[in-house]
Amino acid sequence: MTTVTYRPAHRSVRWVWLWCVAYTSLTPGAARRRRREEMRSHLWESERAGLPAYAVVLAALRGAVHDATWAAARGLPALGRSFGTPTPYVVLAPLFPIEGWVVSALFVGRTQHIGERVGAVGGGVTLLVAGLVWALRRTMR
Amino acid sequence: MSRVCLVSLVDDRRAENSSPTYASTVPRRRAGVLLPLEETILDVGVRRLRDGDPEFYGFAMATELDEADGRRLTAHGTLYKVLERLERDGLLVSRWEEADEVEEGRPRRRLYQVSDQAEGALRRSRQLQTATALRPGLASR
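Residue numbers (this note's numbering), protein chains in the order written: chain R, 4 to 144; chain V, 727 to 867.
Pulled out of the complex, with its shape left as it was, chain R reads as follows:
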């Protein structure tokens, strides 16, 4: 069941919901679903209880730092673990040629900018790493 489609009645409360969707996006599935459902329920109850929208926004703002640290504590280890799989390397690989193209468009000169070199070889190297990670995982299985 997806909860992203929830739409609070008041526009400013919608921003609170969007903030919740944003920071929970960094976290693994179970933690993400749980926090979203709890916040969805909390915002719905707040609206039903007739709390003014500014109070809801203020309560969200006051807890924003804790939201961010919670998301970081849940999300960063998962992100770190994902680099043990080929997926992030495959996702990153196409970005290198784009970066090289942007750099060459910005720096017109006789000497080659280091960014162009990185753009030229970075994608291939990243795909090579993805292949190595895939092979390693296959042999370790």
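Think of the hints as simulated: they come from the structure by calculation, not from any bench.
Check before you lean on any hint, since a few could be wrong.
[Stated by the list, open to error] Simulated coverage check for chain V against chain R, where a stretch passes if three residues somewhere in it have a Cβ under 8 angstroms from a Cβ of chain R: (1) 778-785; (2) 801-815; (3) 828-836.
[Said to hold, decoys possible] Below, computed lysine to any residue pairings styled on SDA-like, alpha-carbon distance capped at 25 angstroms: (4) V:K807 - R:W20; (5) V:K807 - R:R51; (6) V:K807 - R:R35; (7) V:K807 - R:L21; (8) V:K807 - R:R10; (9) V:K807 - R:T8; (10) V:K807 - V:D792; (11) V:K807 - R:A74; (12) V:K807 - R:W22; (13) V:K807 - R:A71; (14) V:K807 - V:R849; (15) V:K807 - R:A58; (16) V:K807 - R:R77; (17) V:K807 - V:T766; (18) V:K807 - R:E50; (19) V:K807 - R:S28; (20) V:K807 - R:R17; (21) V:K807 - V:S851; (22) V:K807 - R:A25; (23) V:K807 - R:P55; (24) V:K807 - V:L763; (25) V:K807 - V:A786; (26) V:K807 - R:A75; (27) V:K807 - R:A81; (28) V:K807 - R:Y26; (29) V:K807 - R:G78; (30) V:K807 - R:S15; (31) V:K807 - V:S820; (32) V:K807 - R:L61; (33) V:K807 - V:G846; (34) V:K807 - R:A33; (35) V:K807 - V:L848; (36) V:K807 - V:V770; (37) V:K807 - R:A76; (38) V:K807 - R:R65; (39) V:K807 - R:A56; (40) V:K807 - R:A67.
Every residue gets a Cβ at the ideal spot worked out from N, C-alpha and C, and that includes glycine.
Take the given structure of chain R and dock chain V to it, following the hints.
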């Protein structure tokens, strides 16, 4: 006077003359000592258990905290982070509402209740705080 006594005397003088530091003004987590918000949540939970209505959910707890503690607008991020931590520490247990408990149109709630260990943890935390207040040197150990 032995060397050990002299060192102890110097330490005591330093402690008396020192100005309030970050460590003395910001609540720090010490083994067995609960933070003020954690204590208040467990207090409310224990009271509800005695009243025969042990389960509560995030929004209801936020409302009770606002009323009981003179607090204004308990921050969402802080509340849910603390609830999760108390559950991880075994002081709360939680479950999702069953489908037949949910009213039409209302998002389901995550229901919490204090565990058997909560009352003991609350008592221990208060004892430790009292001991620390009587013997300030304990706080730095």
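Hints, one by one, checked against the model:
1. Only when three residues or more bring their CB closer than 8 angstroms to a CB of chain R does the claim for the stretch 778-785 of chain V stand; here the count is 3, and the claim holds.
2. With 8 residues bearing a CB less than 8 angstroms from a CB of chain R, the stretch 801-815 of chain V meets the requirement of three and the coverage assertion stands.
3. Counting residues of the stretch 828-836 of chain V whose CB lies closer than 8 angstroms to any CB of chain R gives 5, so the stated coverage by that chain holds, three being the minimum.
4. Taken as a hint, the K807 of chain V and W20 of chain R pair is honoured in the structure, with Cα atoms around 17 angstroms apart against an allowance of 25 angstroms.
5. Using a Cα cut-off of 25 angstroms, the hinted pair K807 of chain V and R51 of chain R holds, with the two alpha carbons roughly 24 angstroms apart.
6. Between K807 of chain V and R35 of chain R, the direct Cα distance comes to roughly 13 angstroms. Compliance with the 25 angstroms bound is thereby established for this hinted pair.
7. Taking the CA atoms of K807 of chain V and L21 of chain R, the gap is near 19 angstroms; set against the 25 angstroms cutoff, the hint holds.
8. Taking the CA atoms of K807 of chain V and R10 of chain R, the gap is about 24 angstroms. The hint holds against a cut of 25 angstroms.
9. The suggested pairing of K807 of chain V with T8 of chain R holds, with an alpha-carbon distance near 24 angstroms, which does not exceed 25 angstroms.
10. Only pairs whose Cα atoms come within 25 angstroms are accepted, and K807 of chain V paired with D792 of chain V is accepted, the gap being roughly 17 angstroms.
11. For the given pair, K807 of chain V sits about 10 angstroms from A74 of chain R by alpha-carbon distance, which is consistent with the 25 angstroms threshold.
12. With a C-alpha separation of about 16 angstroms, the suggested pair K807 of chain V and W22 of chain R falls inside the 25 angstroms cut-off, and the hint holds.
13. Simply put, K807 of chain V and A71 of chain R have alpha-carbon atoms about 11 angstroms apart, close enough for the 25 angstroms limit, and the pair holds.
14. For the hint linking K807 of chain V to R849 of chain V, the alpha-carbon distance of about 22 angstroms falls within 25 angstroms, and the restraint holds.
15. Only pairs whose Cα atoms come within 25 angstroms are accepted, and K807 of chain V paired with A58 of chain R is accepted, the gap being roughly 20 angstroms.
16. A distance of roughly 11 angstroms separates the Cα atoms of K807 of chain V and R77 of chain R; the hinted pair therefore holds under the 25 angstroms criterion.
17. Among the hinted pairs, K807 of chain V with T766 of chain V is consistent with the structure: their alpha-carbon atoms are about 14 angstroms apart, no more than 25 angstroms.
18. Simply put, K807 of chain V and E50 of chain R have alpha-carbon atoms about 22 angstroms apart, close enough for the 25 angstroms limit, and the pair holds.
19. A C-alpha spacing of about 16 angstroms is found between K807 of chain V and S28 of chain R, which places the hinted pair at or below 25 angstroms, so the restraint holds.
20. Straight-line distance between C-alpha atoms of K807 of chain V and R17 of chain R comes to about 21 angstroms, which keeps the hinted pair within the 25 angstroms bound.
21. Straight-line distance between C-alpha atoms of K807 of chain V and S851 of chain V comes to about 20 angstroms, which keeps the hinted pair within the 25 angstroms bound.
22. Proximity of K807 of chain V to A25 of chain R is assessed by CA-CA distance (about 17 angstroms); at most 25 angstroms being required, the pair is judged to hold.
23. Pair hint K807 of chain V plus P55 of chain R holds up; C-alpha atoms about 24 angstroms apart against a cutoff of 25 angstroms.
24. This hinted pair checks out: K807 of chain V and L763 of chain V have alpha carbons roughly 11 angstroms apart, not beyond 25 angstroms.
25. Under the criterion of a C-alpha separation no larger than 25 angstroms, the hint pairing K807 of chain V with A786 of chain V is consistent with the structure, at around 16 angstroms.
26. For a cut-off of 25 angstroms, the pair hint linking K807 of chain V to A75 of chain R stands: about 12 angstroms separates their Cα positions.
27. For the given pair, K807 of chain V sits about 18 angstroms from A81 of chain R by alpha-carbon distance, which is consistent with the 25 angstroms threshold.
28. Of the supplied pair hints, the one linking K807 of chain V and Y26 of chain R holds, its CA atoms being roughly 13 angstroms apart against a limit of 25 angstroms.
29. Simply put, K807 of chain V and G78 of chain R have alpha-carbon atoms about 14 angstroms apart, close enough for the 25 angstroms limit, and the pair holds.
30. Between K807 of chain V and S15 of chain R, the direct Cα distance comes to roughly 23 angstroms. Compliance with the 25 angstroms bound is thereby established for this hinted pair.
31. With a C-alpha separation of about 14 angstroms, the suggested pairing of K807 of chain V with S820 of chain V holds against the 25 angstroms cut-off.
32. In summary, the hint linking K807 of chain V to L61 of chain R is supported, as the alpha carbons are separated by about 17 angstroms, within the 25 angstroms threshold.
33. Simply put, K807 of chain V and G846 of chain V have alpha-carbon atoms about 22 angstroms apart, close enough for the 25 angstroms limit, and the pair holds.
34. The suggested pairing of K807 of chain V with A33 of chain R holds, with an alpha-carbon distance near 15 angstroms, which does not exceed 25 angstroms.
35. At most 25 angstroms may separate the alpha-carbon atoms for a hinted pair to count; K807 of chain V and L848 of chain V meet this at roughly 19 angstroms.
36. At most 25 angstroms may separate the alpha-carbon atoms for a hinted pair to count; K807 of chain V and V770 of chain V meet this at roughly 17 angstroms.
37. Taken as a hint, the K807 of chain V and A76 of chain R pair is honoured in the structure, with Cα atoms around 11 angstroms apart against an allowance of 25 angstroms.
38. With a CA separation close to 13 angstroms, the supplied pair K807 of chain V and R65 of chain R stays within the 25 angstroms bound.
39. At most 25 angstroms may separate the alpha-carbon atoms for a hinted pair to count; K807 of chain V and A56 of chain R meet this at roughly 22 angstroms.
40. A distance of roughly 11 angstroms separates the Cα atoms of K807 of chain V and A67 of chain R; the hinted pair therefore holds under the 25 angstroms criterion.
The structure fails none of the hints (numbered hints given earlier).
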